[in-house]
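Asker: Take these sequences, add in the hints, and give me the full structure.
Sequence lines, in order, name chains A and B.
Basically the working numbering = 1-based index in the first sequence + 900.
Basically the working numbering = 1-based index in the second sequence + 900.
Think of the hints as simulated: they come from the structure by calculation, not from any bench.
One or more hints might be untrue.
Pairs involving identical chains hold if they fit within one copy or between any two copies, as the list cannot separate such chains.
Below are the SDA-like pairs computed for lysine to any residue, each with C-alpha atoms no more than 25 Å apart in a straight line [to be verified]: (1) K922 / P1145; (2) K1257 / V1040; (3) K1257 / P1207; (4) K1146 / V923; (5) K1285 / G1209; (6) K1285 / V1056; (7) K922 / E961; (8) K1146 / P914; (9) K1146 / Q904; (10) K922 / P1150.
Number of protein chains: 2
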Amino acid sequence: MTFQQARRAARMNPSIIREILKVTERPGIISLAGGLPSPDTFPVEAMRDAAERVLRDSPREALQYAASEGYGPLREWVAGHLAGQGQRVEASQVLITTGSQQGLDLVGKVLIDAGSRVAVESPTYLGALQAFAPYEPELVSVACDDDGPLPEGLDVARGARFLYALPNFQNPSGRCMSEARRAALVERALALGLPLVEDNPYGDLWFDVAPPAPLASRWSDGVVYLGSFSKVLAPGLRLGYVVAPKPLCPKLLQAKQAADLHTPSFNQRLVHEVIRDGFLQTHVPTIRQRYRAQRDAMRAALERHMPPGCHWNVPSGGMFFWLELPEGVDAMQLLPHAVERGMAFVPGAAFYADHPKPNTLRLSFVTVSPERIEQGIAMLAQALKENAL
Amino acid sequence: MTFQQARRAARMNPSIIREILKVTERPGIISLAGGLPSPDTFPVEAMRDAAERVLRDSPREALQYAASEGYGPLREWVAGHLAGQGQRVEASQVLITTGSQQGLDLVGKVLIDAGSRVAVESPTYLGALQAFAPYEPELVSVACDDDGPLPEGLDVARGARFLYALPNFQNPSGRCMSEARRAALVERALALGLPLVEDNPYGDLWFDVAPPAPLASRWSDGVVYLGSFSKVLAPGLRLGYVVAPKPLCPKLLQAKQAADLHTPSFNQRLVHEVIRDGFLQTHVPTIRQRYRAQRDAMRAALERHMPPGCHWNVPSGGMFFWLELPEGVDAMQLLPHAVERGMAFVPGAAFYADHPKPNTLRLSFVTVSPERIEQGIAMLAQALKENAL
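Answerer: Below you can see the structure in the form of structure tokens.
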């Protein structure tokens, strides 16, 4: 080959989930594997009206190059939104990104050297592992329970560049950190001088009660916070944001500029036009209601069908159940049998930086109707009983 | 500071141009400094109609997550477009990127190790220097004349990961490589085993005759080719593409996925909807005509006003004149005097990887009317005569 690749290229890999999804994209299959929000929640009418207004009122600005920081009014909106959940940030600290995946890439670019220790939860979000990998970190998993990372577990992360944490309805585990755990975690991180990167794509999707205030509200100098419009509006617009302590902002901005100059101006103006007058206050509750019903359906189906020895959390928000099969069962080996029966899931091993638990799997409840959830879980239970127990 | 930054962060810098533009953003100033296309060329009506159709006919797909490779029909379109300029590529080799700036970032990520030699033209595109910088290359400038890089100059690039070249109406110099130079350059690169990264944002903006076929059409295994919709449609949608030899495609795709999952689905469908039926065949000629008139105005103004000892090319396409002031004049020192008189330009030193020529500057002719171009150049000449000669 003519081209010599960079060493880091060896650390990049095709997404295992992507590969799995390819196999499972059989027509008619009940896929509980995806990580997509339900397209039924996309506010198409509002988007259409907003697109028309933006292209009528400010077409030249919406279609022209723009500032790398992002569209001013949208940055202001984000600062206001975060104030509502207890974070005091200035709009100047908000960097609009091309989805929050780009936020993870920029964080990696600015903070990770080859060989740097980076601590992650166990399990953790696969997209973050992919974003960090090209920067060649040495990943360390922090021990977790149903409440998130154990504060005493942070000791293995001593000297790490940061701990990457998803306190709200984590992908994949669905868990949400309690108030007490957040306080203890931040206290321990502060004591260790361990900065945090807090990822919060699902925080608004709570079913009963809003989650406790973000980690960032507890340690303003030590937390980089990532947010997203993908789950409350639509992911296809690729719109997220990073909020950083002021000393980090210039480097993140330079990294952003080098990465894609700026996030599409049209998309930023479009989203701002949709949300500026409080649209999310009426829209997000409709998503919550829909997802809650689907969560309930999946819970009922799991209780009805799963054989003894299986365990699962009941997520109080977000999009995912996390299932532990009986010890010794390998979810990866179970998958083809499940697909044969007509349903798909994602084996949990993909979500671990190290020491994967082969008997875990992730189930999404948001893109499939309650009836199909019931059928899908019945198929999963059947496949499990016939092939693995 | 709590956060320890990666070593590469020291290589990232604020864009000098950005800083200059801030200073020159005085109301009423005649700015020939920008690198923006003229918003008068944005096909607003066509965008509005297309946005309506996309949100009517495929809202769920346009607003949902999508494949990292890009929207299939758009990739097909790109492959067809390139065939028209003599490149034989399959749609599977086309990766849609968030502007071609992202293409540069992905190329850097996949091909540059810390300390790798990377060859660039002299001068070269500043955005590429910024995109490559975080990967810590050792940059080598290849000697150039009005026709582009000198084939014999490539010897200094021996062992480099690639030569980054802009054959068509280069930003900043405006120059276009002749047919003979392209042939000689590729021949020499082949002999040296030096891969090429060919950036072509301006190729469609020719004024009299289309430029010769791309370098990529002459060495299909050794050239990564970057294209963009920013200059022929609108940059605010951030839509570009990378076309790579097949062995490189998987790693570029993985890098893309890690960087932002995918380019906004809505933007890809919107642009495809605008261009699918041959829109560019009637639209691009209107841009050419407009820019040609502005090029002519600037040429006439330069001839009329500039004192002896100044030299410039006459670009046969693109957006820029490149001006050499008399030896000993420093364009950076001239800038405040020019701004005081009411006009702005970009000092040329910013565009060199090494050995900057302080007596050079870049002038954009596309965002300012012929009358204002005449006034701006008169001010520049005046500032030069009174302060630097």
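Asker: Which of the numbered hints are not met once you compare them with the structure shown?
Answerer: 6
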